[in-house]
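Engineer: Sequences listed follow chains A and B, in order.
For the first sequence, the positions run 234 to 659 when this note's numbering is used.
For the second sequence, the positions run 234 to 659 when this note's numbering is used.
No lab work stands behind these hints, which were simulated from the structure alone.
Even for Gly, the Cβ is constructed at its ideal location relative to N, Cα and C.
One or more hints might be untrue.
Derived, one-sided and incomplete: chain B residues facing chain A with beta-carbon distance under 8 Å [unchecked claim]: (1) 343; (2) 344; (3) 345; (4) 351; (5) 353; (6) 354; (7) 358; (8) 422; (9) 423; (10) 446; (11) 450; (12) 463; (13) 524; (14) 590.
Number of protein chains: 2
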Amino acid sequence: MGTDDKPITPSRRRFLGGALGVAGAGAVGAAGGFGASKATGDDAQPVSAARTQVSLYGSHQAGIATPAQDRLAFAAFDVTTTDPMALQTMLGLWAAAAHQMTTGQPVGGTGSANSNPAAPPLDTGEAFDLDPANLTITVGFGPKLFDDRFGLADLRPAALKDLPAFAGDTLDPNRSGGDIGVQACSNDPQVAFHAIRNFARMARGTAVMRWTQLGFGRTSTTSRSESTPRNLMGFKDGTNNILAEDTGDMDKFVWVGNDTDQPWMTGGSYLVTRRIRMLIESWDTDFLSDQEAVIGRAKVTGAPLGGKHEFDPVDLSAKAGDGTALIPAHAHIRLAAPASNGGMKLLRRGYSYTDGIDADTGLLDAGLFFICYQADPEQQFVPIQRRLGQNDALNEYIRHTSSAVFAVPPGLSGPGDWFGKKLFST
Amino acid sequence: MGTDDKPITPSRRRFLGGALGVAGAGAVGAAGGFGASKATGDDAQPVSAARTQVSLYGSHQAGIATPAQDRLAFAAFDVTTTDPMALQTMLGLWAAAAHQMTTGQPVGGTGSANSNPAAPPLDTGEAFDLDPANLTITVGFGPKLFDDRFGLADLRPAALKDLPAFAGDTLDPNRSGGDIGVQACSNDPQVAFHAIRNFARMARGTAVMRWTQLGFGRTSTTSRSESTPRNLMGFKDGTNNILAEDTGDMDKFVWVGNDTDQPWMTGGSYLVTRRIRMLIESWDTDFLSDQEAVIGRAKVTGAPLGGKHEFDPVDLSAKAGDGTALIPAHAHIRLAAPASNGGMKLLRRGYSYTDGIDADTGLLDAGLFFICYQADPEQQFVPIQRRLGQNDALNEYIRHTSSAVFAVPPGLSGPGDWFGKKLFST
Numbered sequence: 234m235g236t237d238d239k240p241i242t243p244s245r246r247r248f249l250g251g252a253l254g255v256a257g258a259g260a261v262g263a264a265g266g267f268g269a270s271k272a273t274g275d276d277a278q279p280v281s282a283a284r285t286q287v288s289l290y291g292s293h294q295a296g297i298a299t300p301a302q303d304r305l306a307f308a309a310f311d312v313t314t315t316d317p318m319a320l321q322t323m324l325g326l327w328a329a330a331a332h333q334m335t336t337g338q339p340v341g342g343t344g345s346a347n348s349n350p351a352a353p354p355l356d357t358g359e360a361f362d363l364d365p366a367n368l369t370i371t372v373g374f375g376p377k378l379f380d381d382r383f384g385l386a387d388l389r390p391a392a393l394k395d396l397p398a399f400a401g402d403t404l405d406p407n408r409s410g411g412d413i414g415v416q417a418c419s420n421d422p423q424v425a426f427h428a429i430r431n432f433a434r435m436a437r438g439t440a441v442m443r444w445t446q447l448g449f450g451r452t453s454t455t456s457r458s459e460s461t462p463r464n465l466m467g468f469k470d471g472t473n474n475i476l477a478e479d480t481g482d483m484d485k486f487v488w489v490g491n492d493t494d495q496p497w498m499t500g501g502s503y504l505v506t507r508r509i510r511m512l513i514e515s516w517d518t519d520f521l522s523d524q525e526a527v528i529g530r531a532k533v534t535g536a537p538l539g540g541k542h543e544f545d546p547v548d549l550s551a552k553a554g555d556g557t558a559l560i561p562a563h564a565h566i567r568l569a570a571p572a573s574n575g576g577m578k579l580l581r582r583g584y585s586y587t588d589g590i591d592a593d594t595g596l597l598d599a600g601l602f603f604i605c606y607q608a609d610p611e612q613q614f615v616p617i618q619r620r621l622g623q624n625d626a627l628n629e630y631i632r633h634t635s636s637a638v639f640a641v642p643p644g645l646s647g648p649g650d651w652f653g654k655k656l657f658s659t
Numbered sequence: 234m235g236t237d238d239k240p241i242t243p244s245r246r247r248f249l250g251g252a253l254g255v256a257g258a259g260a261v262g263a264a265g266g267f268g269a270s271k272a273t274g275d276d277a278q279p280v281s282a283a284r285t286q287v288s289l290y291g292s293h294q295a296g297i298a299t300p301a302q303d304r305l306a307f308a309a310f311d312v313t314t315t316d317p318m319a320l321q322t323m324l325g326l327w328a329a330a331a332h333q334m335t336t337g338q339p340v341g342g343t344g345s346a347n348s349n350p351a352a353p354p355l356d357t358g359e360a361f362d363l364d365p366a367n368l369t370i371t372v373g374f375g376p377k378l379f380d381d382r383f384g385l386a387d388l389r390p391a392a393l394k395d396l397p398a399f400a401g402d403t404l405d406p407n408r409s410g411g412d413i414g415v416q417a418c419s420n421d422p423q424v425a426f427h428a429i430r431n432f433a434r435m436a437r438g439t440a441v442m443r444w445t446q447l448g449f450g451r452t453s454t455t456s457r458s459e460s461t462p463r464n465l466m467g468f469k470d471g472t473n474n475i476l477a478e479d480t481g482d483m484d485k486f487v488w489v490g491n492d493t494d495q496p497w498m499t500g501g502s503y504l505v506t507r508r509i510r511m512l513i514e515s516w517d518t519d520f521l522s523d524q525e526a527v528i529g530r531a532k533v534t535g536a537p538l539g540g541k542h543e544f545d546p547v548d549l550s551a552k553a554g555d556g557t558a559l560i561p562a563h564a565h566i567r568l569a570a571p572a573s574n575g576g577m578k579l580l581r582r583g584y585s586y587t588d589g590i591d592a593d594t595g596l597l598d599a600g601l602f603f604i605c606y607q608a609d610p611e612q613q614f615v616p617i618q619r620r621l622g623q624n625d626a627l628n629e630y631i632r633h634t635s636s637a638v639f640a641v642p643p644g645l646s647g648p649g650d651w652f653g654k655k656l657f658s659t
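Work out the full structure, taking the sequences as your base and the hints as a guide.
Structural biologist: Below you can see the structure in the form of structure tokens.
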């Protein structure tokens, strides 16, 4: 699919707008011109002006360095077509729709294609009146997409491979993996859900949703503008996260640099998701002192053991009067600390979830949908999780139930660019 | 359990505060004195001042006439004890905790019982720093609670009985019914989840959670202060709902009056919940004109067919030039309209939900967790749903997957009162 620099005329806009809501609109992809910069529906109803927007366009995809929004809807898709053009068409339609949704516009308009009432609505409608509330939509590609279906095998980055098995893994394969991962974050959960649902709708005939996860509360701080939230264990989470303002750390630990084996990934990042169920009934009966020893921090203040305040440095060598370490050997923050992992860090961006009651046990199925971004999972998530899976005192209270990894390409340059365009045009 | 008018001294407060986090604290119930008006933990850490609160106390329970908050956590419990005093103790602990949580205080304090670190924390902690965000906690009793276990058989109101089977029902018994229902609503989902979770924790040994449901977006308007939201079909929902400001309608249709057969219910209401899954993939392929005919309203504006604006009166007799009804015979709003139901109305208070992917079909499990309040389900929900179940054009696109009914007693008078105190002291 080549670039298309022809001006977007009103009739072409209408055509693209109409096609956005229609499954299998393969011809549109071939015509290019994704990313009409304005909603193009046929219905003249006013839509509320969007007050809080994050641009889809930039050198990196939004939703990584963006200050973490409050709510998450995540979905993984499996591609069902074997036609590379159909796949590219879908990714192009997604990009155009992502621009519309992130600017508070309906996908393709509020009406139906060509204003014909005997046609399905272009947009599913549940976000018509809603502010995008900082909606970001971030798209990545799983290792399996680089098999022999689409001629991408030679373009798979060495850093993108299935994660190894870790000690204690209890993964549900039906909730793991996927050809494409989509992270939608917004301060309004209906806006985030709407994005995922409309992506699924546009995928019809090309890809199917493999699994999805709603997250109701952020558990990370990714900017100095945010306070540290608490996870469902009641502890502050993300205190020592990489901050977007730390551009040195972002460049070193999060963004893929020019030294990548696959130039289409320069400016991108690698996304790892882990659905970490907490055995909260068990956790809730644990003594406060044990909980704090397991985590390595005071529960109320978030201060590292031995410190007084949340942001006090984590002193792994601090000792009590009797010579024992104040932060125990198997405490979570000791094992996860950069000092225990060759200086390696991750950008965390997870969310608390609850999915009702576990039918097998009658216990709450709730915990943390862990999300992290990094320049190379083999150097970052994998060795850290290997250490945690073997020794973390927290393991008594958690179960990893889903796992996925995606290569997140760099940001979209503007209208006409789309998710993975560089990959497919390499 | 009698009343207890003795002043709450600091040492008694500490005892109660400590007991709040401890399972099976039966002795506390016998001592009465629930509802210490202040958090009583031993930890002096400051907690953020609560900015937006709805009082737990009043003639009616909060969470019914309260303007609908944005997020929901609902849970149904089955009582496992056969000791009526243990049940009352739990309900009293819940009331004390509900007062603390709705005023932005942790349950029993931020520390552990008696400041002993070798004891579990009193509160699970995930809401320590959060504003209650208009948290309301509403408690009701299911028909089964009035069996022979607790000596309540003669106190069951005639209006409280299992709902009959309706045409098209596809109910999951594991997600239906329950001895006690708890609705927690807040503008912060973590606050609502925290309430349900801590209730479950305090119930340990007395009751177990039977099912739970998270709702991510309100689908009703219950006050003139709110705009009409959209449900996941993309239509405005709740346009003609009873408004809390319409005290005439509230008294007539929502609150149980003095004429009840069970005086402990005067000032209460009956709560019906129905988990209504939407077959959204199917809905999304339906023509816009068909969707509007099924609902009976225009999708974008919410105007009734034949009208121009959302709040135009619903004219069921309006006809097109060819003599056909503008609002079709089987349109949802025609069948649900008061004029089609002997003037009967319901107070709706439902929420959109999504619970991931249906493993059997690979389709999204999403829809509406319908909640309504009324003075008598036999006269209100039952005949309306009977009509809808048989004839509603919407039935092609929805499945009722869970059902429950609860008698919601009147409001708590203040500290010392608790959920069902009048019932148990009758």
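Engineer: Decide, hint by hint, whether the structure agrees.
Structural biologist: Do the hints match the structure? See the list:
1. A cut of 8 Å between beta carbons decides the hint on residue 343 (chain B): the least distance to chain A is about 5 Å, and the hint holds.
2. This hint holds: residue 344 (chain B) has a C-beta 7 Å from the nearest C-beta of chain A, less than the 8 Å allowed.
3. For residue 345 (chain B), the shortest C-beta to C-beta distance to chain A is roughly 4 Å, which falls under 8 Å, so the interface hint holds.
4. Taking 8 Å as the C-beta cut-off, the interface hint given for residue 351 (chain B) holds, the closest approach to chain A being about 5 Å.
5. Hint status for residue 353 (chain B): holds, given a least beta-carbon distance of 5 Å to chain A, under 8 Å.
6. Interface hint status for residue 354 (chain B): upheld, as the beta-carbon distance to the closest one in chain A is roughly 5 Å, under 8 Å.
7. The interface hint given for residue 358 (chain B) is met, as the beta carbon of that residue sits about 2 Å from the closest beta carbon of chain A, less than 8 Å.
8. Annotation: interface hint on residue 422 (chain B) holds; nearest CB of chain A at approximately 4 Å, less than 8 Å.
9. Interface hint at residue 423 (chain B): satisfied, since its Cβ lies 4 Å from the closest Cβ of chain A, which is below the 8 Å cut-off.
10. At its closest, the beta carbon of residue 446 (chain B) sits 7 Å from a beta carbon of chain A; the interface hint therefore holds under the 8 Å criterion.
11. Restraint check, residue 450 (chain B) versus chain A: the minimum CB separation of about 4 Å is within 8 Å; hint holds.
12. The beta carbon of residue 463 (chain B) is positioned within 8 Å of a beta carbon in chain A (closest approach about 5 Å), and the interface hint is therefore held.
13. The interface hint given for residue 524 (chain B) is met, as the beta carbon of that residue sits about 7 Å from the closest beta carbon of chain A, less than 8 Å.
14. Contact between residue 590 (chain B) and chain A, as hinted, is supported at the beta carbon level, the nearest pair being about 6 Å apart and thus within 8 Å.
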